[in-house]
Amino acid sequence: MMSTASETSRPPSWPSPTAAYIHIPFCRHRCGYCNFSVLAGRDDLADRFLEALRWELSRLEQPQTVDTLFIGGGTPTHLPPAWLERLLQLLADWLPLADDGEFSVEANPGDIDRPRLERLRAAGVNRISLGVQSFAADKLRILQRDHDEAQARTAVEQAAEALGNVSIDLIFAAPEETLEGWQRDLAIAAELPITHLSTYALTFEKGTEFWTRRARGGLRQADEDLELQMYQYARQAGAAAGLAQYEISNFARPGRQCRHNLGYWRGRPWYGFGPGATGFLAGQRRTNHRSPTTYIRRCLDGSDPAQECETITVEHWAYERAAFGVRMIEGVDLEAIRLDTEVDLRKTRSQEIADCRRWGLVRLEGEHLQLTEKGIAVADTVSAALL
Amino acid sequence: MQVRNFCIIAHIDHGKSTLADRLLEFTGTVTKREMKEQLLDDLALERERGITIKARAVSMRYEHQGETYELNLIDTPGHVDFQYEVSRSLACCEGALLLVDAFQGVEAQTVANAYAALEHELSIIPVINKIDLTHARPDEVAFEMEQSLGCEPDTIVKVSAKAGIGIEDLLTTVIEKVPSPGGSADAPLQAMVFDSNYDDYRGAITYIRVMNGTVRKGQKIRFLRAGSEHEVVEMGQFRPHRTSCDSLQAGQVGYLICNIKSLKDVHIGDTVSTPGKDAAQPLTGYSRPKRMVYCGLFPSDGQDFSELRDALGKLSINDPSFEFEPETSDALGFGFRCGFLGLLHMEIVQQRLEHESDVDLVQTAPNVTYEIVDKRGETLTIHKPQDVPDPGDIEEFRQPIVRCSIVVPNEYIGAVIKLCQERRGIQQGQEYLGPTRAMLVYDIPLAEVIYDLHDRIKSSTRGYGTLDYEMRGYEAADLVRMDILVNGNRVDALSVVCHRADAQRRGRAVVKKLKTEIDRHMFEVAVQAAIGSRVIARETVSAIRKNVTAKCYGGDITRKRKLLQKQKEGKKRMKAIGSVEISQKAFMSVLSTGEEG
Chain S
1 MMSTASETSR PPSWPSPTAA YIHIPFCRHR CGYCNFSVLA GRDDLADRFL
51 EALRWELSRL EQPQTVDTLF IGGGTPTHLP PAWLERLLQL LADWLPLADD
101 GEFSVEANPG DIDRPRLERL RAAGVNRISL GVQSFAADKL RILQRDHDEA
151 QARTAVEQAA EALGNVSIDL IFAAPEETLE GWQRDLAIAA ELPITHLSTY
201 ALTFEKGTEF WTRRARGGLR QADEDLELQM YQYARQAGAA AGLAQYEISN
251 FARPGRQCRH NLGYWRGRPW YGFGPGATGF LAGQRRTNHR SPTTYIRRCL
301 DGSDPAQECE TITVEHWAYE RAAFGVRMIE GVDLEAIRLD TEVDLRKTRS
351 QEIADCRRWG LVRLEGEHLQ LTEKGIAVAD TVSAALL
Chain A
1 MQVRNFCIIA HIDHGKSTLA DRLLEFTGTV TKREMKEQLL DDLALERERG
51 ITIKARAVSM RYEHQGETYE LNLIDTPGHV DFQYEVSRSL ACCEGALLLV
101 DAFQGVEAQT VANAYAALEH ELSIIPVINK IDLTHARPDE VAFEMEQSLG
151 CEPDTIVKVS AKAGIGIEDL LTTVIEKVPS PGGSADAPLQ AMVFDSNYDD
201 YRGAITYIRV MNGTVRKGQK IRFLRAGSEH EVVEMGQFRP HRTSCDSLQA
251 GQVGYLICNI KSLKDVHIGD TVSTPGKDAA QPLTGYSRPK RMVYCGLFPS
301 DGQDFSELRD ALGKLSINDP SFEFEPETSD ALGFGFRCGF LGLLHMEIVQ
351 QRLEHESDVD LVQTAPNVTY EIVDKRGETL TIHKPQDVPD PGDIEEFRQP
401 IVRCSIVVPN EYIGAVIKLC QERRGIQQGQ EYLGPTRAML VYDIPLAEVI
451 YDLHDRIKSS TRGYGTLDYE MRGYEAADLV RMDILVNGNR VDALSVVCHR
501 ADAQRRGRAV VKKLKTEIDR HMFEVAVQAA IGSRVIARET VSAIRKNVTA
551 KCYGGDITRK RKLLQKQKEG KKRMKAIGSV EISQKAFMSV LSTGEEG
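So the sequences go chain by chain: S and A.
In case it helps, the working numbering puts the first sequence at residues 1 to 387.
In case it helps, the working numbering puts the second sequence at residues 1 to 597.
These are calculated hints, taken from the structure and not from any lab test.
Some clues are possibly wrong.
Okay, the calculated bits of chain S under chain A, using three or more residues with CB under 8 Å as the criterion [claimed, not checked]:
hint	region
1	156-164
2	189-203
3	220-229
4	265-278
5	322-328
As a list, the in silico EDC-like pairs of lysine to aspartate or glutamate whose alpha-carbon atoms are at most 16 Å apart [said to hold, decoys possible]:
hint	chain 1	residue 1	chain 2	residue 2
6	A	Lys572	A	Glu231
7	A	Lys261	A	Glu231
8	A	Lys562	S	Asp355
9	A	Lys418	A	Asp443
10	A	Lys568	S	Glu352
11	A	Lys562	S	Glu310
12	A	Lys546	S	Asp340
13	A	Lys571	S	Asp355
14	S	Lys374	S	Glu330
15	A	Lys560	S	Glu205
16	A	Lys572	S	Asp225
17	A	Lys560	S	Glu310
18	A	Lys546	S	Glu373
19	A	Lys568	S	Glu310
20	A	Lys560	S	Glu308
21	A	Lys220	A	Glu231
It should be emphasised that the depicted structure is a prediction, and the values quoted were computed from it without experimental measurement.
The beta-carbon is built from N, C-alpha and C at its ideal position, and this holds for glycine as well.
Given the sequences, and given the hints that come with them, work out the whole structure.
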């Protein structure tokens with residue numbers, strides 16, 4: 001039913017992107033759970049990569065001012081400060097940031113240092129997201145992270161000094177992890193000068209080392225009850241530390257929500273650059289080839305690095321906005337969706353919404369649909385109902 | 001011309017088809033070059049299973065001591081499901097070759113069919129086949145035949161159908177031992193219909209044996225039981241291909257083509273005579289096919305319903321003993337209730353459906369036909385468990401009982417006796433066929449036999465045990481309808497009739513299995529087995545507590561959406577039992593594992 005083109009009644013008018021994501025594949029090593037587009041031990045490709053990225057950016061034809069810029073990876077800060085500076089200059093040339101723009105960079109506690117932080121600050125980066133994952137030695141070892149608690153603390157403190165706006169990622173429900181261990185991670189996080197926290201239950205992705213090891217019985221996935229306990233604890237601990245939950249996995253001090261990510265959940269368009277990066281513009285969702293070497297080769301050959309391209313009809317867009325928007329704790333405005341798309345989910349999904357309400361998963365107040373406390377833990381059930 | 005009509009009685013794999021081929025070849029009915037393996041079994045499926053399903057009749061010509069004989073070989077179905085067809089075929093013969101494998105020896109089916117032949121007062125010619133096998137033990141087998149069938153050892157003809165040994169002897173014995181058919185060519189026409197098949201161009205082809213009188217091309221005939229009249233458009237004999245002629249007279253076997261559009265109009269066992277008051281008396285022994293086993297057949301994709309209906313319709317044109325009618329199930333959607341002569345017949349029909357159409361089938365657990373006397377004294381015939389009334393309305397619950405003959409090597413007697421007792425069998429006899437093997441005779445509920453008795457006998461005797469059975473009649477038993485409930489709603493396709501003492505064990509196994517197959521819902525799901533309103537087993541599917549993806553950013557949206565959509569599509573294909581959604585796979589896994597455990 002999603003394929004029926006509702007745009008016949010009105011030509012789609014897609015907003016222009018005001019956000020950009022840039023994927024940097026370089027990493028010191030690949031962690032066992034990671035399924036991102038990553039190049040470990042191939043720093044020799046750094047220059048060619050920048051050339052490839054330059055070519056891809058040049059397809060913009062002219063610089064595009066954006067409100068949010070997000071450099072993710074990989075580890076964008078893995079390569080030397082001089083290289084980092086070239087990258088930042090390249091982005092400044094093509095994607096100038098609006099005056100009150102948000103500029104985020106991902107970094108690892110083991111890579112970040114004062115010289116790099118200084119370069120980021122000088123280039124206008126005003127938000128850093130550190131892949132801390134844990135402070136506990138055992139858990140870090142299992143997750144194959146190469147930093148320790150002291151490095152993580154130092155990284156957070158130095159980043160806070162330099163940029164003033166630090167987010168950290170923490171993983172929970174790792175193999176062998178206990179609820180007590182998780183509570184300790186959260187307690188440490190609460191002491192540190194952070195403005196934002198993202199917590200993710202460990203997932204076993206196809207193609208990763210963890211996936212294979214779990215299949216062979218070498219890794220034991222945390223059981224569902226424990227995972228749920230850990231998640232609920234994180235929500236409590238976040239609230240107690242003044243980090244209010246604003247999405248399923250994200251917590252922030254007032255005014256410190258990640259605007260870039262909010263754009264995704266609100267269904268706003270964005271540019272994507274780099275291997276494996278997805279962009280969404282003019283009703284097309286395009287994802288670049290995940291292999292960094294293929295990405296580089298294609299760009300340097302002057303051919304399109306996209307591996308997948310999906311057309312999103314306005315109708316598609318309406319349901320996606322509802323399904324992903326409902327992940328935000330503040331909820332999703334169905335009327336806003338109707339105005340943009342002419343799809344009124346209160347009518348087209350009335351049965352599904354009624355079921356979710358009957359099960360106590362959502363509240364519908366006027367045009368505003370919001371997960372309940374019970375619904376937060378089963379948000380995918382709600383998303384599926386809305387799609 | 002002198003005529004001899006005979007059939008071959010044999011257990012599966014004892015070489016009936018090969019022997020028939022050799023007789024056709026030896027008599028010059030077909031040349032070696034024309035001979036394809038197992039000429040008589042011309043359905044690929046039959047060849048696959050090594051079972052002759054439908055009777056055929058071949059007319060051979062053979063010179064013996066200066067005289068030409070017409071030898072008609074009437075091929076009989078070997079399996080008990082076709083007991084009635086077998087009896088009609090036997091009624092058309094004066095003699096039977098009792099064929100036994102020189103290594104395997106006498107089997108249950110051999111005994112059952114030999115008794116049937118004796119009841120029809122046929123001359124039995126005992127034959128031991130495969131005497132050229134390295135492991136042949138003809139003397140022991142001859143002893144078994146003497147013990148179990150009363151054959152005199154010195155009258156047994158020893159052949160190898162495969163190698164062509166002893167075929168001439170055998171033909172001589174047929175001519176000498178099988179009586180020539182009686183009847184008068186001048187008497188009023190009286191012919192037995194013993195089989196039929198369907199030709200896409202000519203319609204029904206009716207196989208007859210003329211008992212009295214003469215039937216001529218172009219004449220009017222009347223089917224005495226069906227009460228219909230037709231003109232004989234073509235007639236002839238199978239030699240082995242259809243060969244037309246102008247008349248057939250008393251004693252002869254052949255076919256009639258009368259522009260009959262459906263096999264439903266040709267009743268096996270009917271009598272062909274002439275219209276009007278000069279007609280002969282109908283032959284005795286006529287009855288309509290009795291469907292003993294029923295099951296539901298549903299397309300696993302609901303959309304294939306009309307395809308399935310067409311496929312079943314096509315099949316029933318060629319097999320009037322199979323019947324079907326539309327059935328609706330909450331769990332499985334639209335399908336058909338199908339009746340079969342027996343378990344093998346059911347398997348054959350299913351395999352044909354699979355071969356001849358692309359419909360993916362879900363089959364409900366087979367059940368037998370029950371009889372119920374209700375409180376008002378009325379007798380109900382029950383073809384599906386859902387039709388069984390509530391316990392309070394039942395005065396008496398009756399089930400069909402069959403007499404099973406089981407031939408086993410001596411060392412497995414204990415195991416088989418135990419098995420038969422577990423299946424509520426009552427021993428009727430036990431005799432030793434020879435020094436190494438015995439035959440056990442038990443009366444056992446047919447329901448137990450179709451459940452898995454044959455497989456269990458095979459597995460507990462390392463494949464050596466053989467089973468045959470015949471209907472005895474209906475007997476009262478302590479039976480119950482066991483229902484499966486999901487959150488209090490009955491799942492119609494999963495109801496079964498079983499013995500009260502087995503209900504709990506079977507119920508527990510089903511709910512346990514079903515529990516693992518039902519996806520968790522937003523609420524708790526109770527899976528129960530019940531007799532009437534009394535719950536005898538329960539399992540609970542706990543409610544979903546967590547279903548949430550942690551990471552969900554721009555690059556994850558497409559993949560995540562596809563995943564969620566797949567979930568949703570899957571749910572759409574599910575059947576709702578109350579508010580519980582259950583996948584087709586769940587029903588299938590419960591149906592296919594039966595209720596063992």
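| field | In rising order, the numbers of the hints this structure does not comply with | value | Structure breaks hints 1, 6, 8, 12, 16, 19.
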